[in-house]
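Visitor: Using the hints provided, position chain F relative to the given structure of chain D.
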Amino acid sequence: MAKHHVTTTVNRQPVELLCDTSETLLDVLRDELGLTGSKEGCGSGDCGACSVLMDGRLVCACLVLAVEATGHEITTIEGIAEGNTLHPIQQQFLEDAALQCGICTPGFVVAAKALLDRNPDPTETEVRFWLAGNLCRCTGYDKIVRAVLTAAAKMREEAVHG
Amino acid sequence: MNAVEYAKPQSIDDAIRALNNAPAGARVLAGGTDLLVQLRAGHVRPPVIVDLKGIAELRRIEVTATGFRIGAAVAGAELGEHAQFAAEWPGVTEAFHLIGSTQIQGRATMGGNLCNASPAADSVPALIAAGARCVIVGASGTREVAVEEVVSGPGKTTLAKGEFISEFLIARRQAHSGDAYLRFIPRTEMDIAVASAGVCLTLDDKGLCTAARVSLGAVAPTALLVADCAKALIGTSLDDAALAKLAAAASAACAPINDKRGTIEFRTKVAGVLARRAATIAAQRARGN
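From first to last, the protein sequence lines stand for chains D and F.
The first sequence: position 133 = 133 (my numbering), numbered continuously.
The second sequence: position 257 = 1257 (my numbering), numbered continuously.
As a list, the in silico EDC-like pairs of lysine to aspartate or glutamate whose alpha-carbon atoms are at most 20 Å apart:
id: 1; chain 1: F; residue 1: K1053; chain 2: D; residue 2: E23
id: 2; chain 1: F; residue 1: K1053; chain 2: D; residue 2: D20
id: 3; chain 1: F; residue 1: K1053; chain 2: D; residue 2: D55
None of these hints come from the bench; they were simulated from the model.
The shape of chain D in the complex, shown without the other chains:
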């Protein structure tokens, strides 16, 4: 059968692409659009390395068919920074060295952004539960959780004082 013609929005840019039914959103982000920030860890929704936002909601791109992206707004790790200015979460991951190999990092940053967009002042427990779908085999999570809490505090400060 013919390929599907998908019209969607990725990182605020209108995008058109062709795909087969069995291709996932992650497949086309990486292989068609060259957005290789989203990683494939497991391909079964367990590791969160492919976390993206779909209409602002956190999802695993490996568990969404590319054709399902039609008419929706997708935000990937490549759309988190403002131009050359890193998002405060990205900046804090750097400052706190909240990563080692880096494969899980894009997923953690996208997931953390989804949390702070909803809850600017989460408790450590809330951060840990929200990020439970993101696996990191290097860091033991502590630096990641602290980076998210510190980024949240800085973002609140920024919101108050401008």
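Guide: The following block gives chain F in isolation, referenced to the frame of chain D:
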């Protein structure tokens, strides 16, 4: 591998037609958190995937004077954000929220959790305890079925070819009623129930239990509605003797498997403990409203 066709009907009638005209093995797609894993693993090779998310009735939550109508393709995160439903059915809400991660909650649906037909599906015992019913649509018409009638065994449902669930119907919270769901897993989140229990009960003005429904998960080929558990509670003040009877009835109803996640003995014992603890939480909630 042959190409898979994809259809996204915009109405229930169009979806019924698409499924009816499809070759054998067609699959409906709601959240996709089970189906995409099965596709990737090669466990299913459907000729057609019919995506139900284009159908408005399957995507909405309606509140009427008598009940909630929850579209079968509403995502867990969407249901979790419905403050009124969460307030009236905390047990169902908590059960649904236990399914997978935040990412999974962004896609996973009630219809999918039920029709995937895992004996360990978290939302199912809570829905059964709540007395939830589902609307099943298909070429031969529309029927309404209790949730406990839908699953017939692991991976199997009583839905006929071309049928799918459009909505779940759950009553409004009655006075002095409460529900709760608990599961046992060896970690704090992101795991599959080793045993689970959903309880919904109603008290009278004196605190005596007038109605109860108790459902167990992961201890039999399907989630169980256990009449003997309800009998142990009804007419009592939910004292220790009644709760002990409840636990014994729950354990007696278990027919679990032995696997790496839990032995028969463990699941049987823990199902009783969970039923008792869930009943205690449900009773606290019932006293509070």
